[in-house]
Structures are given as structure tokens and as C-alpha cells.
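Position chains B and C against the provided structure of chain A, taking the given hints into account.
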Amino acid sequence: MVSEYKISALKEPGYIRLTLIITAVLFLTIFLVMPLVVIFNEAFGKGISNFFNSISDPETITAIKLTVFTTVISILLNLVFGLSAAWAITKFDFRGKNFILTLLDLPLTISPVISGMVFVLLLGSNSFLGSLLNQFGIKVIFAVPGIILATTFVTLPYIVRELIPQMQEQGREEEEVALSLGANGWQIFLKVTLPNIKWGLLYGLILCNARAMGEFGAVSVVSGHIRGYTNTMTLHIEILYNEYNFTGAFAVSTLLTLLALITLLLKTIITKKF
Amino acid sequence: MEEAVEIQQKIYRKKKVLPGFGITFGFMMIYLSLIMLIPLSTIFITTAGIGWEEFWKVITDKRVVESYKLSYGASFIAAVIDAAFGFLTAWVLVRYNFPGKKIVDSMVDLPFALPTAIAGISLTAVFASDGFIGQPLSYLGIEVIFTELGIIIALAFVGLPFVIRTVQPVLEEFDQAVEEAAATLNANRFQIFSKVIFPSIRPALITGTTLSFARALGEYGSIIFISGNLPLKTEITPVLIMSKLEQYDYGGATAISIVMLLTSFIILFSINFYQWWSNRHK
Amino acid sequence: MSIKIENITKRFGNYNALRGINLEIKEGELLTLLGPSGCGKTTLLRIIAGLEIPDSGKVILFDEDMTSKGVRDRNIGFVFQHFALFKNMTVYKNIAFGLKVKPKRLRPSKSEIDEIIKSKLELVQLKWAAKRYPSQLSGGEKQRVALARALAINPKVLLLDEPFGSLDAKVRRELRKWIRHLHRGLGITSIFVTHDQEEALEVSDRVAVMNKGKIEQIGMPIEVYEKPVNSFVYNFLGNVNQFSFEELNGTSSLKDQDNVVTEYVRSHDVKIIKEKKDENVIPAEITRIYKYGASVKIELREIDSEKFIDADISQEDYDELKINEGDTIFYYIKSSKIF
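Protein chains in written order, with the working numbering: chain A, 1 to 274; chain B, 1 to 282; chain C, 1 to 339.
Chain A extracted, bound-state conformation (with noise of 0.2 Å):
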């Protein structure tokens, strides 16, 4: 009787659990899925065909090569930062890293409309820089650099972070080992580096892909919304929502979404295999 008792202490009992299942996966339907399902049904609630005339309206089709294009260009510059920035970081000591470390998390915690705004205050039309390179004929915001820019500066964190602490817990044996046996830098990088953070680097290379692409607040202000020139696909959906055009808003955005969903999956797989 005794050892009976000590055992339910160890669980709750049955009625609770389910109540507290019931309720988890209610309040995350409402929330997470209720959205997922309006967006379909918003975007085929007219019918196949008005879907597709969405899709392939010329303005979109722009919307979705700049987006590909800004996204491109901030993931590769933000992953050879990454690499770099994790190497520097994992492989020597040095003071100021905890500085570093905290300096590479800013992007995540600062509104994005001021992460745009900065871009705008330091490169736009009204500023030293901005009217010097006018003079050369080169415009930054209100122009497609400024979205890459934007997009690279809030995307900044997401393969660092993803990075260090798997380099961390790695440690410096395998790259000390290979010093000692006449490798040179980049033959460690790449022979011994690389193929034992593969995962790690594929993880932030997708997350920081949907992060990039969905970008909203930061272009929105560095864009100037100039339709078939600056708009990217997000602020697209924007102009078409604002016009009342539901389905053609909902329409696009279930492009977005299926790369979130995808994301998501390729996440779930990826973490398996750490």
C-alpha cells in the first residue's frame, strides 16, 4: 500500500493529464493552426484559377524574383560572416568575447522598423553618405541595396548563433591534431571544420533563408513601396490586402507559408540528426 502511494506521487493522474493535453493542443489549434487554414481557404476561396492568376500576375513575379534575389546575397554574405565570425570565436580566447556574443544577439531584440530606419538615417538621400552616392548615381535606400542591406542586417544572428555553440562543444582537438600533423589553415577549415558542422550549418542556413524572406517591418521602411521596383514579396501582400484584393493577398502569401511549413520540416529531420 505504501509503495503504491509513493508511485502516484511521481505522476499526475490520469484525468488531469488529459485535461492538460486537451488544453495544450486547443489553445495551439486556435492559435497556430486556425491561421494555417485561412490562409488556404482564402487564397482557393475563389476558385483554382483566380489562385494561379495571383501567382502569375506580373507584379508578383517581380515581388518573388527580388525577394529570391535580395535573400541570395544577405545568406551568403551573412554566412561567410558566420563561419568567420565562429571561427575567431570558438578557436582562440581573447577578451571582449562576451561583448561579442551579446553585440551578435542586438538584431534579434531591436524592432525591425528600426533596423530599417537606421539604414535610412545613415545611407538615405538626406544624409552625408547617401547624397555623395546620389552624386555617383548610386541609390541605396528606396533601392535594392537597401533591401539587402536591411534583410542582412536583421538576418545577421541566425548561422552564428547556430554555429558556436556546436563549435564550442567541439572544442580545438581535431584542428590542433590536424596543425600537428603540417595542415595549413584553410586544409583544416575545410577538411576537419567543415564536415563536423555540416548540420549545425545547414540548420542556420534554412532558418535564416525563412527569416529573410518573410522580412516585413525593416524593408517595408527601406523599400519606399515602389510596386514592380522595390517590393519584395511580403510587402507585395501588403499593397494587395490594403487594395482589398483578399485573395490575391492570401494567394501569395500561401507561397510564404509552404516554405515556413517546409522550413519547419526540414528542421524537425535536421535535428534528428545532431
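Keep in mind the hints are simulated off the structure, nothing from the lab.
Backbone N, C-alpha and C fix where the C-beta goes; we use that ideal spot for every residue, glycine too.
Among the hints, a few may not be true.
[Claimed, not checked] Below 30 Å or equal to it, Euclidean Cα-Cα: the simulated DSSO-like pairs (lysine-lysine) are:
| # | chain 1 | residue 1 | chain 2 | residue 2 |
| --- | --- | --- | --- | --- |
| 1 | C | 274 | C | 322 |
| 2 | A | 191 | B | 16 |
| 3 | C | 118 | A | 191 |
[What the hints assert, rightly or not] If you anchor each label on the Cβ, the simulated ranges turn out as follows:
| # | chain 1 | residue 1 | chain 2 | residue 2 | range |
| --- | --- | --- | --- | --- | --- |
| 4 | B | 101 | A | 169 | 24 to 30 Å |
| 5 | B | 180 | A | 15 | 22 to 28 Å |
| 6 | C | 100 | B | 101 | 43 to 49 Å |
| 7 | B | 136 | A | 202 | 42 to 48 Å |
| 8 | A | 202 | C | 28 | 48 to 54 Å |
| 9 | A | 269 | B | 259 | 39 to 45 Å |
| 10 | C | 322 | B | 175 | 46 to 52 Å |
| 11 | C | 115 | B | 26 | 42 to 48 Å |
| 12 | A | 15 | C | 88 | 48 to 54 Å |
| 13 | A | 29 | B | 259 | 34 to 40 Å |
| 14 | B | 95 | C | 16 | 45 to 51 Å |
| 15 | B | 29 | C | 239 | 52 to 58 Å |
| 16 | C | 315 | B | 191 | 52 to 58 Å |
| 17 | A | 270 | B | 26 | 29 to 35 Å |
Positioned in the frame of chain A, the structure of chains B and C alone reads:
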């Protein structure tokens, strides 16, 4: 002899064992300066440019203060909601088994992966007076769209994963042997939960909730659709900053931003400090 | 002299890891750095390798001052305690690594590389494992691969940092014998680091006993065991009992600050007899008996002082004595040392 040793020491201190320090550290610092530090400094420079009096006038303006109250207030409430349901979800995912658990676990990250604008328009559609949830609610007299409630809901949406993903690993690592020890000492289930399990999860819960709060504070994309952006009523601070920018009132925009930035810094450092402090006994 | 260490010092922040190390290692010998955790032995090894930079002093390898040169230029082979095998490469590729990364003009041809690898695999008796990955091998096998990998580049010095530290006791003992044979066959100058005194005594040509950043004694295994120069060395090598007594008349020059003289006795120098043979034997109660291997450990408690003493006796002596826990016996000290 002393000199020779000193010189030797200077050379040695500069050398690193593994190659590539110069180039990787240098590149990292240059990149951070160009992409982050220099752009961020413009906020302070611009604000400094408008002078202290003007700065004070801007941030105490009624519309601005109302937006601060709304942003901070709604974010706080959203964070608390996230804390409660986030903890519940983490507990259920770690401790129980049920069909479809893996799918639920993956779905938790949806607010991370879904673009905020899409979250905004879809939440609006769900809670509009003709939406799936909005309809029953409006029979009860509860309006979500264009009210503070809508803002809170949207903020809770974007912040939810932060709590769950911070609490989950800590809960998973929790040593069940400690629970068993408490049971042998004749504690009942509720006591074990409140005196043994919860206290050790609390730091993670606080960290996750703080992150959720910080995230909510700066949120823009999901709010602008659901709130209607009515000045003095449902206008959050980022929207106000945006409208100042559109009017080319850069000084005003940066002044308002600095308050938010300072909050971000304080939150970041507090989290780091809190984590250091709560781990000091480990 | 193939390796000369001159006046090496090293601090980590406030911690003084090495306080002026001077050491000469003969060509072809296997020298062990032996000492407790924190004595600086691994730091010293890493400094010789070039994986750590000393604050002052010199490292001279085969008459060349290598102090300011990096790891790559020193032509050393390093074996880590936790193997540090490249987990994404097969055993074959691991061993080939050092050869494949050589600059083009120094790199041997594909067939030469293949031959070298095959011969190293043969040397460590792992030919069958060539295509396996490190995760598929046992601890002992992994360490042998690490050794083969280090030897493939034909280093002039072999450095081993507690190579058997993460292996099971049985595997450890097997590998000890094996590495002794290997070293005899290869004749390569080697430095071995361990905290296990049994290991050091079994494997080495010479042993350097270290403590708190200094070398206490260097010599052949039998020298440091039988002729220790101070109490630390004596205590560290072998199980030791300590007896303290006060010098009443104050003339002894061996006292420490509290006027106490300490006498050190190895547990196998404590002899047990059943009957009182003369006035020099001391009565004690047997509190524990453990049998392990070829000897028997007896824990005694002196009747008068309640002091605990460890004695080691052989299996034959134990059988003859027919003693049990709880018995009262007499003990005397066969030999001891006072420093």
C-alpha cells in the same frame, strides 16, 4: 637579460596556435562595424542633433506616451499569456505521450518561420467578426479587431515559441531522480511540482518570458493589420516611428526609438546577467 | 641530446603552471612526465609540441631552437587523451591525412602513401579496420589509430598526452605493454604524460616526477622508486603510511615547523606477526582485509593510538598467518624513510 625576457613575452602573447585569427577576427569586426555598429550609431547622432529640449518634448507628447503605454502594456500581457500557455505546452510535450505529438512539436516553431505580415493578415481573418473565432466572440460582445485585445493576441502569437523553446530543454534535462527522492520523503504530487520541479524550471521560464516580451515590443508586421493603427488608441510605437519617418521627421523618429533601444539593451543585459547569476551554483 | 628544455615558465592568469623547467631528453628514449593533476605536465607537453606558448624559456629540438616556431614546423607527432580522430573520415583517411596535406612538392605519390598507410596499419594491428569510421571502433582501437596517424608523417618526436586515460583498466594494461614493445622496435624519441605511477614505472626509460610546476626528480624508474629525493616523490610512487613524532630534545635537523618529524613507510614494509617477538612490535586490530590480485591489503588500527595503518602482504604470507577481521596482531616496520 630582463629585457630579452620581456621582448620574448611580448612576441609570445601575440601568437596564436591555430591559424587564421587575424583574418577571421578582422573580418568579423569590420563586418559588425559596417552592418551593425555604424548604422546603429546614427540613431544617437541624429537624436543628439535635435537637442535635449526637443528630445524631451517629443517623448512626452501625448500620442507618443499613449503608444509607449500600449506597446509595453500589450507586450507584457502577451508575455504573461505566453508564459502560462508556453509552460503548459512545454510540459505536455516533454512529459506526456499522445498521438500527433511530433507534429505538435514541429508546429510550435510556426511563428518563428511564418512571415509577420502573413501572421498579421491571417490572424485578422480568424478573429474578424465574420471569422472562425471572431464570430462566436462577437456574439459574446467581444471585439478583437481594431482593439487592444487584437494586439495582445497577435503579440502572444509571435512570442509563444520563445517560452516553449527555452523551457523545453531545461524540462527535458531535469533529473527525475530528484522527484523520486522527494516521493520517498512522502511529498505529494502537487508539492513535488511546486517545491521541486518548478523552482528549477523557473529561471528558464523567466528567461523565455523576457525574450517573448522583448520580441513583442518591437513587433510591427503582425500588428498593423489587426490593430487598425488608430492614434491614441491602437497605435503601437513602431507604427508611430514609421509615420514620423514618412514625414521625414528623423529627429522625432530617433528620439522615440532611443527609449525602445535602451529597453532592448537593458533586457539583453539583464537576461545575460540573470542566466549567469542563476547558474553560479552549478 | 635530442630535446633540451631551458627555463620554461607559463602562467594562466593568476595560476602559475610551470615555474622554470629544465630538462634534457636523450635521443631514442621514452621519458615520462609523471605527477598529480595540475602539476603542469600536460602544459609542458603542449609547449614542447607548440600547442601552447611559454611565457619565457626555450624549446630546442635536435639542436634547433624551435621556441618561436609553430606546430607545423616542429615535425612532432601528438596523441591526445580523447583520441581526436577525424570523425568524418575513415581510419584509412585519418592516417593518410598528414601525408595528403603536404605541399605538392613534398607530397609522396599515391602509391607511396598507400604503402605507408598499409605499413602503419600493420604496425598497430588494425589492417581490418581501414574502411571503418572511428565511431565503429573501441577505445583501445581508436587510440591505436591515433598513434598510426601520428607515426605516418615520420615525426622526430612522439608526444603522448595521457593516451590511455580514457580507456578501461584492462585495455590500459594491455596497451602499456604494447607501447613498450613498439617503442623498443621504433626507437623514436618519445615523451609520455600520465598521473598513473604504475604506468610510468612500467613504460618508461626515465621518469620525471612533477609537482606544482616543478620537476622534483628525474631518473630511471627504479631510481625514483627506491631512492626518492623527497617526501613528495616517495609518497606519489607507492602506497605510503605516515608516522609523525615529536623530537623532544630539539636537535634533529629534519623537523618541520611544528617540531614534528615524519617517517614514511611503504605498505609492503609493514610486517604482521601473531605473537609478540620483542619490544619493538606494536599491537593492532585488523579492521579490514581485501584481497586483490597477488597481494592482500590489511587495514590495521593501533590499539593505543587508534591510528590506521595500511599493510600489503603476499598471498602466501596471508595463507600462512590465517588471520581474520577483528583479530589482534602485532606489526613492525621493516624499513622507512625520513626526509
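Of all the hints given earlier, name the ones this structure violates by number, lowest first.
-> none
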